[in-house]
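Chain residues, written in single-letter form:
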Amino acid sequence: MSDTVIKLENLGKKYLIRHQQSERYTALRDVLTNKFRSFGKRLITLQPHSFNLRPSREEFWALRELSFEVKQGDRLGIIGRNGAGKTTLLKLLSRITEPTTGRISIKGRVASLLEVGTGFHPELTGRENIYLNGAILGMTKNEIRRKFDEIVEFAEIEKFLDTPVKRYSSGMYVRLAFAVAAHLEPEILLVDEVLAVGDAAFQKKCLGKMEDVSKEGRTILFVSHNMPAITRLCSKAIYLRQGRIVKNGDSYQVVSDYLLSGIDTKAERVWPDPLMRPGDDIVRLCAVRVRNNKGCVSETIDIRHPVGIETQFEVLRPGHILVPNYHFFNDEGVYLFVAIDQDPEWWRKTRPAGHFVSIARIPGNFFAEGILTVGVAISTFDPLAVHFYERDAVSFHIIDTIDGDSARGDYGGVLPGVIRPVLNWTTLFNPGDVFLQ
Amino acid sequence: MKNSDQTEIIIEAGRTEAQYWKDLYRYRELFYFLSWRDILVRYKQTVIGIAWAVIRPFLTMFVFTIVFGKLAKLPSEGAPYPILVFSAVLPWQFFANALSETSNSLIGNANLISKIYFPRLIIPASSVITSFVDFLISSVILVALMVWYQFVPGWRVMTLPFFVAISFAASIGCGLWLAALNVKYRDFRYIIPFIVQFGLFISPVGFSSSIVPAKWRLLYSLNPMVGVIDGFRWAILGEGFLLYWPGFILCLSLVVIILVTGLRYFRKTEKTLADVI
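Heads up: the sequence lines are chains A and B, in that order. So for the first sequence, the numbering used here puts the first residue at 1; every next one is plus one. So for the second sequence, the numbering used here puts the first residue at 1; every next one is plus one.
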């Protein structure tokens, strides 16, 4: 099970970017005019290369010094911002382009869901397109013939089998395309952003298919911007930035790194310099921390575990009623709720000078997965005064698992909502007349 | 299929050459399906469908017979003038169709090229096959003409496959050049209809190449289609037609050169095709 199926060594891909032309192809006319222009300039200036002040071509490394291994049965997520080289990597793996440096060795048949519907010809009928698309995806004629009925059934297009696909509804089109791709049996499956296209049902089908494939011990490489999907489906992940690997490891850690890299706030924020601390002459903020169920500062929190938000502050002038409060935002900027300190020990009591630590514990199975940002404030309510409000004090990343005991149960797809509580369900079996009225 | 593909694939800069020809064999079914698709699609949603493959050469032959045979009264080399014309229209149409099909084939299949791997040679090659099917269909007219004029070809007609092979090589050679050039320089999109239009008149389609003055004939043979057409006529028309051997040899070597260099240039372009297209 643990043999290496994909091995990359020092892989690099270089592109030449043209600055002058916006077209991707050259016209002979332009080549000739440029030749003449440079020739003319050379005659005038008598300096052969002085016209080359601004180079018209520039090297650009889409991928650089990439080395990693993928073992059989691995589900590897590839994440990174746009232009980080994710798609180039898949293109190299599927042999669409050649690498500039390095080598890749692959054992087994590679197929990719990036080609859903590629090569479909609008004029051909559904039947003809199944054969054509199958062949394009690398199936043999016998294989297609063997799976033909299955594909038709999966796509639910029996009636329209002999209609040109240009007359199909877009839904039928996508179903047929996916059905062909789904019946391919590759040893290595490359998936690029399929979850971005299609409706919810289609996305669910894709995810379901990927889970099936991985259960069969095949290898999956999954490129996506859908971080929850990555953490759910992939055991490992690679984080690419500007063509290089930033982090390679367990998927939830890599995803946390990636998500938090865009946010300055971390799970811990400390203001060591007393003069820089937020606050006024009554109270000042010293530190804010996110602690997991083991009491460690952690950016990654399992959805099932409680999380503690801890604020350390110093009261400079005694005699005030001070109420710490937390403000929670999700990664879409939605204001989730406000939590106000209710500790009975200090409720409506003035505080002496000195250091305090206030901890709020949020139960497990409460937030939905994603990044949460916490704003920290200390207020006095009568008369109303805000001593400080640090908006993006700390952030942490909630991760949902597929172990089945979180609120999502065994559902692997996208789960909407901002909270995700585990409810108490009961079932009555054949309850009798009382309940049926 | 569990054990069918356990071979290890190495992807490396410049490495593909060694695997290329192996891949070409491995992807033979795709080649078959692409040709099949092109043939199917060619006459979809047309009223008379495949009859177009017959009507176009027939009309060309008809017009040329009237203009060159009846009006200009050019020599017919001892055969009925329609047969003289049609034995040239056949290879010419094949060549012209193949040229326009292949030159646009890569761009027409850009979505395939930028999304999946297969030896790209398959695409222009399957376009030539499509034109070849048209060629086979329209040769029915030649048979019909022979029956109509009660013209019996001699033993030389047995050599026809050889000349068909030459026209095949010429088509694919020129097609590869133009397909590859067209991806890089889209100017060729405008040049090709021009070549096809003019080629019809500079090649001996409507007339016999024997009317070209002897001192110009070698020069005239620099057009490879001259050799191909003369070959066809030599095989079909029989004793009446004399083959100009120096010109034919020249044409043959030209075809070989075009084919080899075309293949090489195509292979060179192919590596960066997905990045350029």
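Please note: incorrect hints may appear among the correct ones.
Unchecked claim - In silico EDC-like pairs for lysine to aspartate or glutamate, Cα to Cα no more than 20 Å straight-line:
no.	chain 1	residue 1	chain 2	residue 2
1	B	Lys-22	A	Asp-30
2	A	Lys-141	B	Glu-12
3	A	Lys-7	B	Glu-29
4	A	Lys-35	B	Asp-23
5	A	Lys-107	B	Asp-187
6	A	Lys-159	A	Glu-185
7	A	Lys-14	A	Glu-150
8	B	Lys-184	A	Asp-30
9	B	Lys-268	B	Glu-8
10	A	Lys-14	B	Asp-275
11	A	Lys-14	B	Asp-187
Simulated from the structure, these hints should not be mistaken for laboratory data. Just so it is clear, the structure is predicted and the values come from calculations on it, not from any experiment.
Evaluation of the provided hints:
{"no.": "1", "hint": "B:Lys-22 with A:Asp-30", "result": "violated (38 Å)"}
{"no.": "2", "hint": "A:Lys-141 with B:Glu-12", "result": "violated (30 Å)"}
{"no.": "3", "hint": "A:Lys-7 with B:Glu-29", "result": "violated (29 Å)"}
{"no.": "4", "hint": "A:Lys-35 with B:Asp-23", "result": "violated (39 Å)"}
{"no.": "5", "hint": "A:Lys-107 with B:Asp-187", "result": "violated (42 Å)"}
{"no.": "6", "hint": "A:Lys-159 with A:Glu-185", "result": "violated (26 Å)"}
{"no.": "7", "hint": "A:Lys-14 with A:Glu-150", "result": "violated (42 Å)"}
{"no.": "8", "hint": "B:Lys-184 with A:Asp-30", "result": "holds (12 Å)"}
{"no.": "9", "hint": "B:Lys-268 with B:Glu-8", "result": "violated (24 Å)"}
{"no.": "10", "hint": "A:Lys-14 with B:Asp-275", "result": "holds (11 Å)"}
{"no.": "11", "hint": "A:Lys-14 with B:Asp-187", "result": "violated (27 Å)"}
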